[in-house]
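S.K.: Here is what each chain is made of, one letter per residue.
Protein chains: 2
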Amino acid sequence: MSASRKSGITPRLRGDEGMWTFDNLPVKLLKDRYGFTPKQAWIDHLRLASVRFNDGGSGAFVSKNGLVLTNHHVALGQLQKMSTPRKDVVKAGFFAKTLKDEIACPDLEVNILVSMENVTRRVLGAVDLKSTDKERNAQRKSEISRITKESSDKTGLRSDVVELYQGGEYWLYRYKKYTDMRLVMAPELQAAFYGGDPDNFTYPRFALDFAFFRVYEGGKPVRIKNFLKWSKDGAADGELVFVTGHPGHTDRLNTVAQLEYSRDIGLPLYLKFAAKKRADFLAYAALGVEQERRAKDRIFGVENAIKAVTGEYEGLLEPELIASLKEAEDSLRAAAASKDAWGKIAAATKKAGERRLQTTYRAYAATKAAGLAGTIVRFVAETAKPNDKRYEEFRDTNLESLKFRLFSPAPMYPDMEEFLLARALEDALQELGSGDAFVRAALGGRSPAKVARELIAGTKLFDVAARKRLIEGGEKAVAESKDPLIAWARRLDPVYRAQRKWYEDEIESVTVAEGNRIAKARFAAYGKSTYPDATFTLRMSYGKVSGYELGTTFVAPFTTFHGLYDRAIGHSEKPPFDLAPRVKAAKDKLRLETKVNFVTTNDIIGGNSGSPIVNAKGEYVGLVFDGNIQSLVGRYAYEDARNRTVAVHSSGIIEAMRVIYGMGKLADEVAGR
Amino acid sequence: MSASRKSGITPRLRGDEGMWTFDNLPVKLLKDRYGFTPKQAWIDHLRLASVRFNDGGSGAFVSKNGLVLTNHHVALGQLQKMSTPRKDVVKAGFFAKTLKDEIACPDLEVNILVSMENVTRRVLGAVDLKSTDKERNAQRKSEISRITKESSDKTGLRSDVVELYQGGEYWLYRYKKYTDMRLVMAPELQAAFYGGDPDNFTYPRFALDFAFFRVYEGGKPVRIKNFLKWSKDGAADGELVFVTGHPGHTDRLNTVAQLEYSRDIGLPLYLKFAAKKRADFLAYAALGVEQERRAKDRIFGVENAIKAVTGEYEGLLEPELIASLKEAEDSLRAAAASKDAWGKIAAATKKAGERRLQTTYRAYAATKAAGLAGTIVRFVAETAKPNDKRYEEFRDTNLESLKFRLFSPAPMYPDMEEFLLARALEDALQELGSGDAFVRAALGGRSPAKVARELIAGTKLFDVAARKRLIEGGEKAVAESKDPLIAWARRLDPVYRAQRKWYEDEIESVTVAEGNRIAKARFAAYGKSTYPDATFTLRMSYGKVSGYELGTTFVAPFTTFHGLYDRAIGHSEKPPFDLAPRVKAAKDKLRLETKVNFVTTNDIIGGNSGSPIVNAKGEYVGLVFDGNIQSLVGRYAYEDARNRTVAVHSSGIIEAMRVIYGMGKLADEVAGR
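Chains as they are written, first to last, in the working numbering: chain A, 464 to 1136; chain B, 464 to 1136.
So here's chain A without its partners, still in its complex pose (with noise of 0.2 Å):
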């Protein structure tokens, strides 16, 4: 339902632009750029084939057996989780050279896109037109919580309802899910985030970013129809390629005066708070050795998110950018029927403004013991009403992959609990001021150290057997607990509950309902001819391998193990441009001509890292793990001349199993001999 013809506005894709729905992939401009047009078997077959990792991030089938690869720092997580003193995989790798020797994640869990139904005049047509925006936002949401039990209950399956186009459609997602996911292979942190934070979202890259989990299911490896073949040769310059995964989240659909307000306030703000943490987290490392293993994951993690955000707030600081999204938006406004949802959305997106100091600062769930005390609590609350009535991820539907996590038997460390706790509590005191309800509740006018030192000290929940007895004694339970932190929990349960019942009714009614009417109108205007924001769902973007104009020269499409060893010698190896011991000692075994990462044009965002890259022929090519400085305004718009994905390149595991890690075995299970 192309509706430019009657509008006059066209959507303005740039480039080799779109996270498309797999319902709805771009043929028509497939065949017109690439003269490619995909079989509904090569859609179906690489939908099957693409992992959702719950922790966030991509993967793919890559064997019948199981083997899901995906990035070392989609790993890394588990890979902390795993590690202990003695035994460090973060540092030194994992490397199982048969079944026995993998070991199970401690609470990973995957989805496989099994089914995809649109339910958009269902979940629609529950909203009473007569009633307020609050009423229809609730509306809204127990329709979706039907629906998502109705089908849990028939098939078993996981099932989500997915908004898209800010509500101009809703589909019943359904996932096979697994749970035993077991890790077979990791390379050593340095080889795999080689250059470390500076490096990181830059261009050109030398980065064995990839890891391999199986998936298993009654103790034995998954047979899996739909695996991804693998490319003899990989990439080569200029072939039109295919990513699938799934893209975190994007704000291209949002209104201008929202973009402003994340510029002006958001961003800066994010930003400030971000810095603290990090410094935490480094504080806690600088303690020792075994402090620093076990930050590991933390510190990657926020410098990841601040790099990406700094990108993405310098690109909001192009005055072209906003200037052309507002005339994209004045051009809409003109066509739209309702004229004052954009003003409604800033007036709200304003007051979300007000209080965003303090949804940045209370520390609900600052350390892991802190957010596992308030899920408890809430758990047995909200399970106790009836399932539409519930906020959303204590819905049945959900409890099955929530139990998972909240007993993860996955390590915890009362020192860095009781560390990080009072950094945040300190924060909280130090930003919101002694008068703040959170502020009040949680630390009761004692310092921010005492009631670290006192919750950590007391609290049983580091013990699973602990939080599985809560859970299963219920309100009762956790109401008669004398343990402090369920204590400390019970008593921010109501800041917590007045918060988020301010930011759903005022904010979130507000926004949803005039972005229902203002998604009405762009789907007037342009249909489907477009694709709807991120929403960590499936997602298919196609693009070519490609370098691009930098500083007036070329940065080229394809490095390889020659540039890696240059660019350690060239900074004396010094860190974080060092080798791993394996990756030095295997320089003249290596065919050093092979290619280790490559670029793409493909449009992508966090979520999507550890996407496979598929040729034409649905081959394996490579392997997505970041994105260039010049993506990262890809939050808010696509930049086509220098945006660029970018990958491992296929050939590049493949030498790197057989030569640096002596994993032949694994890599004729994946690429043959």
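You may find that some hints are simply not true.
No copy is singled out in the list; a pair is fine if it fits within one copy or between any two copies.
Claimed, not checked - Only pairs whose alpha carbons sit at most 25 Å apart, straight line, appear in this in silico SDA-like list of lysine to any residue:
#	residue 1	residue 2
1	K759	G682
2	K1007	E1036
3	K1080	H1034
4	K770	V1018
5	K739	T1015
6	K1052	H1034
7	K931	P957
8	K1052	L1042
9	K739	E1012
10	K1007	P1038
11	K1047	D700
12	K640	T822
Since the hints were made in silico from the structure, they are not lab data.
Given chain A, work out where chain B should sit, using these hints.
M.R.: Chain B in isolation, oriented as in the chain A frame:
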């Protein structure tokens, strides 16, 4: 005489800024910053080992048998002149295995600075303070001509008076001059200029931009006492290093009004003109393989200039730069006696601007033959006058070098001459109009193509003997010559002289006189605590080997042969990133970890190409061949964070000589065994 104590003004030296004259090295700075104090013998040795290439460029003696090392791109003009369709040494390189194989350059003169004498008092003493600016300009020039003539007559050495600090000082520099230069070795253009125009002025680089000449006298290699000893390992990260060479021209002491003029009028006009020239050369090169060969050094030259000037222009567009220079100028002006000097220079600059189009497009010397004709016509007229009344370039002390160039046997190509002359005349007609005095004299109402065809078809000036006959025949021979190009130059002569007189009387006399007044103020404030603008005379700069931060990450100080192959393979060996056949073939024999290029913080500019980089022991560690993009603003101010000199590493030169080019014997001569 550091009068900063008097005025409270201090010169703004940033980082490792400065192109210092050898009489005034920054001894205190070196001691304070690097704990190094050079001995006079060390300084003299470096001076006497440093070589000026009069074509434009620098070099150094690197063996006792007269071997001079410079850049391939400094040698390029000679290589082009030595090439023929059958033996293209630009493309194929040149490798003399024995002395017998070394071939003479057609017209290469080099100079070694053997003595320096301060003649400020004598030059300024000859100026009658009661005269007009115009008269003083003439008095100054006459006195300089007397000084150089006396010196030349007395010593037989090439003698130049150099104006430093905008007339704050005058120095008599005496040079040992060599004109029997023979080519020993030059890599292929594709290896020397790897990455071509896109990579020019960028970093990381992988250029084997070196060439060897040998100096002969009396048919034998000269014995050289002061040559640079080769360093065993070359430059190391962080090491203190020195560059000695001949920076061509900087405008750091110009007034802000002059810089604004360059920004608003001078540079944009030049860039437009250069783009036309580039188009002309490319159009000629497109005519065939042989034409492409002939035009190669012209295309390199103009593209190099466009890239450098674009960098300078972009530097001037930064408002912060002009603001900081304005601030320094204001405080100098406040302390100065002649406060109206700045205003007078601004007025003269504005006046010059009004005729800038004319000075740019009046193509007296658009081609080699046209230039020769004009020089011959002026030569006979000027040399008939008393020595101190002549144009500077025709004074007795300059005639030997001038005749060396005038009678060069280097090839000229009539079809190329005609093509380029027609284009230049066409541009003059278009830009200046048919009423312009030059256009009228040059075309006489006829078409540029027709005029060019007749001039080039009829001239005998391609023959060295014909040029000699005219010079020897003097004014009479030239007046009676029927050579159409000489007749053409005779018609242009009055236009040329009027234009030059206008410039000297109206512009130069003001900028020199007022510049002297500003120089006086600057001397009163700073003394010699700072350095003079570059004048294509010998300077030393100090600095250290150092990478830099760029785009969130760090550019490594060194590149290696690994990096060269990485870049070639990464670009699928597409030009200009393809490998010269010898380089490609050598891959498995090279020690790939050998350093190829590196960067330092030294302050250099065009003219420094070919300069040696030495360590504190005075050993040869690198060969300057470029500045990075961030250094180009250096024409106006040194940018301390990211200004870098780009050099070929001494180890890379030797490895390439031995392994790629089979020039082990020459490598032994340079570096020992």
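S.K.: Take the hints in turn and mark each one as holding or not.
M.R.: Hints and how they fare:
no. : hint             : verdict
1   : K759 with G682   : neither (31 Å within a copy, 70 Å between copies)
2   : K1007 with E1036 : between (33 Å within a copy, 19 Å between copies)
3   : K1080 with H1034 : between (40 Å within a copy, 24 Å between copies)
4   : K770 with V1018  : both (21 Å within a copy, 18 Å between copies)
5   : K739 with T1015  : between (37 Å within a copy, 20 Å between copies)
6   : K1052 with H1034 : both (22 Å within a copy, 24 Å between copies)
7   : K931 with P957   : within (23 Å within a copy, 103 Å between copies)
8   : K1052 with L1042 : both (15 Å within a copy, 23 Å between copies)
9   : K739 with E1012  : between (36 Å within a copy, 24 Å between copies)
10  : K1007 with P1038 : between (33 Å within a copy, 20 Å between copies)
11  : K1047 with D700  : between (28 Å within a copy, 21 Å between copies)
12  : K640 with T822   : neither (32 Å within a copy, 77 Å between copies)
Of the hints listed earlier, those the structure fails to meet are numbers 1, 12, in rising order.
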